[in-house]
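Colleague: Protein chains in written order, with full-length UniProt numbering: chain A, 1 to 471; chain B, 1 to 471.
Worth flagging that the hints you see were computed from the coordinates, not collected in a lab. Please note that the accuracy of each hint is not assured.
Same chains, same label: a pair holds when it works inside one copy or across any pair of copies.
To be verified - Computed cross-link-like contacts, EDC-like style, restricted to lysine to aspartate or glutamate with a CA-CA straight-line distance of at most 20 angstroms:
#1 Lys405 to Asp461
#2 Lys354 to Asp461
#3 Lys354 to Glu263
#4 Lys378 to Glu460
#5 Lys168 to Asp302
#6 Lys168 to Asp451
#7 Lys450 to Glu365
#8 Lys168 to Glu306
#9 Lys450 to Glu383
#10 Lys16 to Glu394
#11 Lys168 to Glu263
#12 Lys141 to Asp33
#13 Lys450 to Glu439
#14 Lys91 to Asp72
#15 Lys16 to Asp215
#16 Lys405 to Glu41
#17 Lys418 to Asp45
#18 Lys450 to Glu336
#19 Lys378 to Asp362
#20 Lys395 to Glu431
#21 Lys405 to Glu460
#22 Lys395 to Asp302
Number of protein chains: 2
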Amino acid sequence: MGSIDVSAAGAGQANKVPGIEQLATWSAALRYDDVPVSVLEKTKDFFLDWYACALGGRSHPSVQAITAFAMDVGRLGGEHGSELLHRPGVKISSAFAALVNGAASHVVEQDDLHNSSMVHPATVVFPAALAVAQEVGASSKAFLTACVAGYDVACRVGEFLGPSHYAKFHSTATAGVFGAAAATAQLLQLDAAQTLSALGSAGTQAAGLWQFLLDATHAKQVHTAKACFDGVFSAYVARAGLLGPRDILQGASGMAASMVPAEPQPAMLVAGLGETFSVTTSSFKWHASCRHTHASVDALLDIMREHSLVMDDLAAVVVQTYRSAVDILARSEAAETVHQSKFSMGFVLAVAAKYGRATVLDFTEAALGDPDLRAFQKRVRMEVDDAIEAAFPEKWQARVLVTTKAGTTYGAFMPIAKGDPGRHLTRDELEAKALRIAEYAGVIDMQTVKDNIVRAWHLEDESNMGQFACS
Amino acid sequence: MGSIDVSAAGAGQANKVPGIEQLATWSAALRYDDVPVSVLEKTKDFFLDWYACALGGRSHPSVQAITAFAMDVGRLGGEHGSELLHRPGVKISSAFAALVNGAASHVVEQDDLHNSSMVHPATVVFPAALAVAQEVGASSKAFLTACVAGYDVACRVGEFLGPSHYAKFHSTATAGVFGAAAATAQLLQLDAAQTLSALGSAGTQAAGLWQFLLDATHAKQVHTAKACFDGVFSAYVARAGLLGPRDILQGASGMAASMVPAEPQPAMLVAGLGETFSVTTSSFKWHASCRHTHASVDALLDIMREHSLVMDDLAAVVVQTYRSAVDILARSEAAETVHQSKFSMGFVLAVAAKYGRATVLDFTEAALGDPDLRAFQKRVRMEVDDAIEAAFPEKWQARVLVTTKAGTTYGAFMPIAKGDPGRHLTRDELEAKALRIAEYAGVIDMQTVKDNIVRAWHLEDESNMGQFACS
Numbered sequence: 001m002g003s004i005d006v007s008a009a010g011a012g013q014a015n016k017v018p019g020i021e022q023l024a025t026w027s028a029a030l031r032y033d034d035v036p037v038s039v040l041e042k043t044k045d046f047f048l049d050w051y052a053c054a055l056g057g058r059s060h061p062s063v064q065a066i067t068a069f070a071m072d073v074g075r076l077g078g079e080h081g082s083e084l085l086h087r088p089g090v091k092i093s094s095a096f097a098a099l100v101n102g103a104a105s106h107v108v109e110q111d112d113l114h115n116s117s118m119v120h121p122a123t124v125v126f127p128a129a130l131a132v133a134q135e136v137g138a139s140s141k142a143f144l145t146a147c148v149a150g151y152d153v154a155c156r157v158g159e160f161l162g163p164s165h166y167a168k169f170h171s172t173a174t175a176g177v178f179g180a181a182a183a184t185a186q187l188l189q190l191d192a193a194q195t196l197s198a199l200g201s202a203g204t205q206a207a208g209l210w211q212f213l214l215d216a217t218h219a220k221q222v223h224t225a226k227a228c229f230d231g232v233f234s235a236y237v238a239r240a241g242l243l244g245p246r247d248i249l250q251g252a253s254g255m256a257a258s259m260v261p262a263e264p265q266p267a268m269l270v271a272g273l274g275e276t277f278s279v280t281t282s283s284f285k286w287h288a289s290c291r292h293t294h295a296s297v298d299a300l301l302d303i304m305r306e307h308s309l310v311m312d313d314l315a316a317v318v319v320q321t322y323r324s325a326v327d328i329l330a331r332s333e334a335a336e337t338v339h340q341s342k343f344s345m346g347f348v349l350a351v352a353a354k355y356g357r358a359t360v361l362d363f364t365e366a367a368l369g370d371p372d373l374r375a376f377q378k379r380v381r382m383e384v385d386d387a388i389e390a391a392f393p394e395k396w397q398a399r400v401l402v403t404t405k406a407g408t409t410y411g412a413f414m415p416i417a418k419g420d421p422g423r424h425l426t427r428d429e430l431e432a433k434a435l436r437i438a439e440y441a442g443v444i445d446m447q448t449v450k451d452n453i454v455r456a457w458h459l460e461d462e463s464n465m466g467q468f469a470c471s
Numbered sequence: 001m002g003s004i005d006v007s008a009a010g011a012g013q014a015n016k017v018p019g020i021e022q023l024a025t026w027s028a029a030l031r032y033d034d035v036p037v038s039v040l041e042k043t044k045d046f047f048l049d050w051y052a053c054a055l056g057g058r059s060h061p062s063v064q065a066i067t068a069f070a071m072d073v074g075r076l077g078g079e080h081g082s083e084l085l086h087r088p089g090v091k092i093s094s095a096f097a098a099l100v101n102g103a104a105s106h107v108v109e110q111d112d113l114h115n116s117s118m119v120h121p122a123t124v125v126f127p128a129a130l131a132v133a134q135e136v137g138a139s140s141k142a143f144l145t146a147c148v149a150g151y152d153v154a155c156r157v158g159e160f161l162g163p164s165h166y167a168k169f170h171s172t173a174t175a176g177v178f179g180a181a182a183a184t185a186q187l188l189q190l191d192a193a194q195t196l197s198a199l200g201s202a203g204t205q206a207a208g209l210w211q212f213l214l215d216a217t218h219a220k221q222v223h224t225a226k227a228c229f230d231g232v233f234s235a236y237v238a239r240a241g242l243l244g245p246r247d248i249l250q251g252a253s254g255m256a257a258s259m260v261p262a263e264p265q266p267a268m269l270v271a272g273l274g275e276t277f278s279v280t281t282s283s284f285k286w287h288a289s290c291r292h293t294h295a296s297v298d299a300l301l302d303i304m305r306e307h308s309l310v311m312d313d314l315a316a317v318v319v320q321t322y323r324s325a326v327d328i329l330a331r332s333e334a335a336e337t338v339h340q341s342k343f344s345m346g347f348v349l350a351v352a353a354k355y356g357r358a359t360v361l362d363f364t365e366a367a368l369g370d371p372d373l374r375a376f377q378k379r380v381r382m383e384v385d386d387a388i389e390a391a392f393p394e395k396w397q398a399r400v401l402v403t404t405k406a407g408t409t410y411g412a413f414m415p416i417a418k419g420d421p422g423r424h425l426t427r428d429e430l431e432a433k434a435l436r437i438a439e440y441a442g443v444i445d446m447q448t449v450k451d452n453i454v455r456a457w458h459l460e461d462e463s464n465m466g467q468f469a470c471s
């Protein structure tokens, strides 16, 4: 599978073939042997990282509610059903396994984030791909290939939609549904035209608003769950002959015209396709907070370490960062719930300042009532920095300025947050993170988690893609 | 259930309680005895009209594809399952019956249209309500009540979103999902808070773009199918404890902020609630074409009748109408497929001019190749009329100016198209229309259709809501 030259393929304006069609054609044709080994290895890293996140969300009321719905209306499968990761022994039709596992994957805010697209690809690609792979009995190599395709499709569509879309819509859902559809299409062995239909149907279902951030309700889980379900749906009905719109992104009544206030970026749909894989440009989350806080946490911790400061030394913190961070985080600034507290810059920096880290174990109901954290939270202020804004969304950077009670000011600029490309997590770190999340989630059967870590590192040798569930 | 006074309840601005919350509270509390008999009778009319439309779409490839998906992944039901109307004997979980019947209902373009909201309510309310009523064993009175609530919720949300939303999004889906959720919530006996959660989850899934009109693909069926499914999903997960955003319409990151370019109309959410029922203000479709063509067809037929003109007498036709009609119809003006031909003003008027009617039997593959129709189509031109535009969307009017080959010009203004409130279809006309659609759809078991017509007129006396399917 050669790369597609963007200069020849055009920015979607000069060329008659829409970018989405080129992307569908590439996705349908991708084969395991086309994918460089380094990309496959990275896919396994993200798979393990996602698997832990999917376990992490198992107890959330939204996941329980969506599980109840799935069990109520989904076909319970026999030999060829798909697993609900938190219900070992239960097999259900793929669309519902994707729905439930997709709901669970994004709860603990520890899944990956692809910077330039602002999409969390793992939470929409892996649940769909795993469920469908289990249902159709696909090989582990076919699974990995489908995930690589799903990552590129979701992230490239997210890049196409860009920050102005993200300001209105939850791109992980609206671009993610394309990734779920592409991964499913791969596993169903759809041809290019069918894959394009699947992507068209996916796009006309794309939905997800940020309103839930304002009242701490459960729509985030609905968004990832439904992106998975709708993507699976789109590919299955495409296989059965349903025609999806052919140019759902750039068409006159498509997503760009209706859901992208600023200019979309059609070149991103095909630039370096087959050469630069989106799997390699996604970021792991080390901290358990919103990804928009990570560079700031790293910078704050660097300052405190370097100057041997403790929480009580700090009188004021100014975070200079990009506009999307300021806009999104402002919606949860009050931090009234555990989930909102991960989206409050003040609260997150308070946690980091107090504990020297910000893991899933640190955002709790008890923390919400901690007067130390609440006092520190009020000392944090955000502002937009022009240079950092100009580098976004390619780079998610921050500068932190700390003024001590003694009156000294220290600053640190964080060009690459821990977990970003260039500072990806090691497999040791990924294992530690996975076990910490499983522990947090109350997983009883930790041996299965440990076994699955080993399986992940050798995934291409797996004879079947089943039995990942644990109690 | 008394009415809600809009002056007291406010337009959603002055009052702290969002319009959607008032609507949810009203919907949850609505009881059969609150609904005037005239409204119940009208609901039965729309139910029969919808039932015929749902039969009409049975053979469409998109309906077949969605049926295949449903049979593949949905739980097949025993005693308490829900019917696929085109597969007698098959019972499936409610969400999938709603999905499939919702896909089928909008195919023949004969379902009702609520003018001021630009929503086709039947195609999203009845499939969900019937499927859920069957699954939970609800009474026919509970079913009728749920449909009345679903109509008001869908249409009022559509009115809130308004024409600027409709220009971008397929409102039947984006407002319709609220109606499906409200009807389901009624049948599941959700309380006001749960109903509000259901509507919040519905709104954050709202999707549907017009791109399919440009390439004659099948997304219209995806939209109605998924509005039904997503609405059912929203109510079921609300019952199971999933919290939906509380102010999905007017919240700072809700639908108005993200999906309504012009000013939304919050007063419409509650104006006259409980006094003016949306069921009474919906319009039946007599012609089988896009509703935007109906006033023009009526006007043209009036002119031709009055002046004893035949198709060949006409040299030029100018249609003066509202902007949405011109915008939507311009997308299908080429009329390359049967579906598109119903959305081409030129082609629709050609059919009317040739046959003196525009029924489902007149839009065929053969008609697409008819040189008479193609020649006439080119003689039709649309333009926006300011006065008619000002009356839209409350009124869907048109003026037609015909110039004969002899050089005479005749004009007719159509203030109320046949089927509109004030010119609703009679039960005789509804029966004739239903039988014509069933015949068109190749229904074999016409006796069941005839029996179901009788059942519809006495629906409140039905002991169960099952056995509407026919072969």
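Colleague: With identical chains, the pair lysine 405 and aspartate 461 could be close in the same copy or across copies; at 20 angstroms between alpha carbons, which is it: within, between, both, or neither?
Modeller: The answer is neither: 57 angstroms in one copy and 78 angstroms across copies each exceed 20 angstroms.
Colleague: Using 20 angstroms as the alpha carbon limit, work out where lysine 354 and glutamate 263 are close: within a copy, between copies, both or neither.
Modeller: neither (42 angstroms within a copy, 46 angstroms between copies)
Colleague: I want to check one pair: lysine 168 and aspartate 302. Are their C-alpha atoms no more than 20 angstroms apart within a copy, between two copies, both, or neither?
Modeller: Neither: 33 angstroms inside a chain and 48 angstroms across chains, both beyond 20 angstroms.
Colleague: What label fits lysine 378 with glutamate 460 when the C-alpha limit is 20 angstroms: within, between, both, or neither?
Modeller: neither (49 angstroms within a copy, 61 angstroms between copies)
Colleague: Treating 20 angstroms as the Cα threshold, decide for lysine 378 and aspartate 362: within, between, both or neither.
Modeller: within (19 angstroms within a copy, 70 angstroms between copies)
Colleague: Up to 20 angstroms between alpha-carbons, please classify lysine 405 paired with glutamate 460: within, between, both or neither.
Modeller: neither (55 angstroms within a copy, 75 angstroms between copies)
Colleague: Tell me, please, which holds for lysine 395 and glutamate 431 at an alpha-carbon limit of 20 angstroms: within, between, both or neither?
Modeller: The answer is neither: 26 angstroms in one copy and 64 angstroms across copies each exceed 20 angstroms.
Colleague: Cα distance capped at 20 angstroms. Does lysine 16 pair with aspartate 215 within a copy, between copies, both, or neither?
Modeller: Answer is between: at 15 angstroms across copies they meet the 20 angstroms cutoff, but 45 angstroms inside does not.
Colleague: Give the relationship of lysine 91 and aspartate 72 under a CA distance limit of 20 angstroms: within one copy only, between copies only, both, or neither.
Modeller: Answer is both; intra-copy 13 angstroms and inter-copy 14 angstroms each pass.
Colleague: Between the shortest in-copy and the shortest cross-copy C-alpha distance, which are at most 20 angstroms for lysine 354 and aspartate 461: within, between, both, or neither?
Modeller: Close neither inside one copy (44 angstroms) nor across copies (68 angstroms); limit 20 angstroms.
Colleague: From the Cα coordinates, with 20 angstroms as the cut-off, is the pair lysine 168 and glutamate 263 best called within, between, both, or neither?
Modeller: For lysine 168 and glutamate 263, the Cα distance is within 20 angstroms both inside one copy (14 angstroms) and across copies (17 angstroms).
Colleague: Can you tell me if lysine 168 and aspartate 451 fall within 20 angstroms by alpha carbon in one copy, between copies, both or neither?
Modeller: neither (41 angstroms within a copy, 50 angstroms between copies)
Comparing the model with each earlier hint shows violations of hints 1, 2, 3, 4, 5, 6, 7, 8, 9, 10, 16, 18, 20, 21; every other hint is respected.
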